[in-house]
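Starting from the known structure of chain S, arrange chains E and H on it as the hints suggest.
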Amino acid sequence: MATESVKYVAPETETKLQNQVFPRPGQHTTGIIDWLTTIDHKKIGFMYGLTALFFLLVGGLEALLIRSQLWNHNLDILNNREYNQMFTMHGTTMVFLVIMPLSAAFFNFVMPLQIGARDVAFPRMNTLSLWCFIAGGITLNLSWFFTGGSPAIGWFGYAPLTDNRFAEVMNDMGPDFWVFSLQILGVASLLASFNFITTIINMRAPGMTMMRLPVFTWMTLVVSFLIILAFPAITIALAELMFDRTYGTNFYDFQEGGKPHLWQHLFWIFGHPEVYILILPAMGIVSEVIPAFSRKPLFGYGLIVFSGVIIGFMGFAVWSHHMFTTGMGIVATSAFAILTMLIAIPTGVKIFNWIGTMWGGRIRFETPMLFALGFITMFMIGGFTGIMHSSVPIDAQHQDSYFVVAHFHYVLIGGALFGLFSGFYFWLPKMTGRLMNEKIGKVVFTLMFIGFNVTFFPMHYLGMIGQPRRTHTYNLGHGFEAWNQIATVGAFVLGIGIAIGVYQFVSSFFDKKLKPAGKNPWDARTLEWTLSSPVKEYNFARMPIIKSRDQAWENNYGPKEKHSEKEPLDDHGVHMPDRSWCPLVTGAGLLTLILGMLFHATKDLETGVVLERDYMIPIIGGIVFIIGIIMWAMEGPGGYHLFPKEDEE
Amino acid sequence: MIHKILSRQSLLFSLAIILSGGCSRIDHKQSALDPKGIVAQNQYDIFMLSVWITIFLFCAVGGCLLYVLWKYRVKNEEEAMEVPPQTHGNSKVETLLILASTVILVILAIPTLQGVVLMNRVPDPNDEATLKKLNLDREQIEGAITVNVTGKRFFWIFEYPQFGIVTANELVFPVTKAIRINLKSEDVIHSFWIPKLAGKMDAMPGHENFMWFIADQEKILSRTDRHGKPFKENVATAMPSVFNGKMREAVFAKQDFNATFEPVGGLFYGQCAEYCGNSHAYMSFRGLAQTDADFAKWVERMQNAQNPNLKTLQWDSTKEYEKGSVVIAKDESLVDEYEKGSAVIDKEESLVDENSTREFRALSKVSKGDEPNFSSGSWKKLNSNDYEIGKALFLGSQCGECHALNRTGIGSKGPNLTLFGLRTSLAAGWMRNDRTNLVEWLQDSNKVKFGNLMWNGERVDDKHPLRSFKPLPILEEDGDQLKEEKKELNKEKSIRVNQLVTYLLDQR
Amino acid sequence: MSDAATHALEHHEPVTSTGIPSKKILMWAFLGSDCMFFGTLISTHLIYRKISATVGSTTVDIRNIFDIELTSFSTFILLASSLFMALAVSAIHKGNLTSTRWMLLGTIIFGSIFLACQVYEFTHFVTHEGHELTLSHYQGQDHVFGSTFYVLTGTHGTHVAIGVFWLLGWLVYSFTGKMSTADAMDIECCGLYWHFVDIVWIIIFPVVYLMEYAF
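From first to last, the protein sequence lines stand for chains S, E and H.
Using my numbering, read the first sequence as starting at 1 and increasing by one per residue.
Using my numbering, read the second sequence as starting at 1 and increasing by one per residue.
Using my numbering, read the third sequence as starting at 1 and increasing by one per residue.
Some hints here could point you the wrong way.
[Claimed, not checked] In silico DSBU-like pairs for lysine-lysine, Cα to Cα no more than 30 Å straight-line: (1) S:566 / H:24; (2) S:43 / H:24; (3) E:447 / S:439.
Hints listed in this document are in silico derivations from the structure and should not be mistaken for laboratory results.
Same shape as in the complex, but just chain S (with noise of 0.2 Å):
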């Protein structure tokens, strides 16, 4: 049998020219279809920004209209169902399509900068990522059309509330909409979470040691391995449910041998690092903007990164705190309360080291600096009611209680949110490259900050004296009205400032009047202060190689041997990866593969029995997702060439 050889290729020296298998995009490609088959991590980012923007204002529209219900007791604003399916949407949507899809626009925009990339390792394996996104948003808002509305269940689903016996609506479609939803949204985060990692381990410039990334870019890590490692367990979970509800199985059916505890540890042992996975991009944010607006390097640079990495992986070891009360036993619930504890610890030291940052340094209130002052000390109070909870006999009463409603809103809303909109007036510049007015950017922290805490402070008090929380009304007599005047009150204030915000971003965009920015308008530190703004679509003309750790800094005022140098142009050029449409067919292809297993069975109308399967269209939706993958492996990366000048940066 004669051996038949293939050509040897060293790796490295491979020229592997790819016929244009398909049309792409070219070049010079504007308008809808650039945006459309765009695979430039900054376009992205933006996208993942303005889409997240705009679902925080449909959570917020939702949490207005709690608010407003809960006005005074016994109000009928909202009935009840409307209003657990409120809160239930306000949850789903400000936990997975504002706060994580937000902290992937920084991601995706600044993180390649800060490491000197020039773009991500898999730049189209982020596109899909992008539309998996919206996707998943679509599919949860696509619940108000259908039979029985929006899920009714809370956030966390708890089984068995979940299963078709417990449906208070006919052949309720709610919690289908929100189990597929929040399955795309894990594809979507997970995507995103292998390419971070690959571009941060793989991407880094000449010079740039793991010890030399910026914190954020640190952060960034340690969120995608919390993203890879927590979200599984949800999938799996999500996917027994969806088993569950469509053929019938008995994972959480306790009349059958189920377990409702089982999803509740499951959806924990995601749900808790998931916290950190919403509160560590902004910690890296504010780790950013602190040293900048003190003139100082960070304080304690290993402490802080080795604790972001401490709380990543203790936050997979505390998840049964949220089940102090459904009875694990003495040694289970004491075990889990001294674990909570030890991880304030590292929470603590970044506290503690951000002040450390302030020290001596020479401060400027401008907005980012507030918002992150804004962090540090909301998150604080979050914190610390977070500390009261790990106590078991204190979590018996506070627990589903207001208190709790306070606690984790001080740290998502004073923690999360705060952070990332330091980050906005902190980085929107350099996405722009126009200055945003600073005398709103104040306004806009005035009313949110006082907005915030007039919203949820109250609410430490209404949980002590009894107002349990998913109630979606009060009885006379209990004291709590008002208290949640109040809170209503605070509530719109700070929905205004948020509004004011965002309206602030994306005109930022638009507004020509605005002052130019400047490569660095804050003197900050970091390698993407080098590159002009906006960036340019090749961030880096010629690949910087890194000297020290606040690249930026050293560059302006570091002795000599610490300024950064550069490649020499190449003769080449620099080489774009071509545009492609296949991330968008991919997507289409889910979901349509989704939404047809949505509606793919027929049910009786009277009894929900399932008369008749056809899987006709979610068949349809995985052959255009096979064909989107076969093309995109085929087409390759593509590519063509730019030959920027020296100082083009």
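Frame of chain S, contents of chains E and H only:
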């Protein structure tokens, strides 16, 4: 010791709350800040400890932050361009701070672990040291009452296995004894939260949970009045007896339903704390503290009602009846009464026959062979006509399919209604249990409690017979005649409901 | 800047910080995540194992349903396929296309045999033993075993099937004449995936099958 320090601190804390919002009272109906039992007191003490720790930390860290912000703020343009010394950290300071925060956490961890044990285990009656520390007598533990609590959408079943009785939504308990609560659920997850006595524990389907509490009579009796002045209430007014309706009267007399602070000390408010569906907000309950003697009498009444020793006999003309005998006989007048109501409820022949029979008590000895002559002075109706018709309606509207009345009825679909007339509240603690409310509830329970299962039936969109009591809406466009007819019909419905209410409220 | 690096920038594989190709890191990250997927499924199965099979109050012996000889055979086949996979990767590294094709074909055939065994097993359980996905108390059984068994082994089967299709893709590609040693890395990633799926089965087989005979 720690307790004494903490109570002074709790004053300070309430002061802080006054400053923050101008509220002078913390003894709201469901307030965890006003513990009335050992377990809740322990939880409150640990909470206050954590509050002080965190206030200390907040002041220390926040003060430090403010100092830094003030001291190192940029005052002018030149300063903004200065380059401060670029220090990178100080490992000694950081190690010190980590150690300090560990120490603070240990301070919180120790009482936490003790508290976990206290919450989950009733103290051993032989462990005198613990009992002494908790200021308990041995017999308070040994005489513990067990209550099996079952959460259902959207009400609570309380079963007393020691006494073989079942009640719903109002947990009557002796003030001096430890109460052991076994929790389970028959549908989704609920959570039993009684803030002033013991915090909360989930009621899980397919898994039994445990909690316990013991009320503290001293604490129940020491109250504050409406102006915030402390006073001592006496036992009779703080814990009126339930078994003879005194509690109900006291609650009704002393209190507007909307009174913010509870004037009857022995009345505790509880709530389901785990989201359980549409009407989760309405799933509350009450705890009624009783003296030992009153509790024993209540138990006896419940036992009598649920294991009735009153046996009614079918009239038999060949038999002799002693004075005081109770017989069932047909009352023709009642059949007429009942038939008037046929517009409301589909009449079924057998039901009319069965339910229009009623009970009579002999006032003198009846000799053999006489037909019962009810017009004479020898017989007395046991109940009013309204009661009897109400009873007929209760059965005729299939109420009995879900509600056990004078039966134990564990696991029945609806709340057990035995001695319903003694209850202070209605619809799982949501309304005061009086005639007006009960009529409103029965005529349109969906309006009061949207999505309740009595209105919706077991299956979603089930047409429950109760819906026939709902008054017909009188519309503008209706003709005069139709309006008249509707009014007439609504009046009729109202009469029926009132008869049903009479029957229910006479269960006492 | 070195020559090699200059070239690499413009071409398929850019120089990486660690020297490991990005695709390989991606594959390792994915496998790490996949571990958690199977970890969750396997722990679900372990949690439910003891309460899984009862009819009324008497325990059903799952061992009567299993055909342990067949499963042992398919386990062996799947393990053997890993050898073929390793040989295929080695062959492509050496640039031996013929050998690569044969080894890929071997892996595909063995993978398919495993899948065929699983399909037979599932249909046999459902049609002959009445052991359905949705067994419920209507059949007088408290039965979660159906749920955990089919979902766990089914997920694994799906992984194998995806692997088979992936390998099939490579086999077809090898006939286009475009295959070069530059593809070795991609085939190696495919190999990583295949070995991982095998290793998962090595855990599933004792946990789901053998443990029923031991405890």
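Problem - Violated hints - listed by number, lowest first - result: Hint check: 3 fails alone, others pass.
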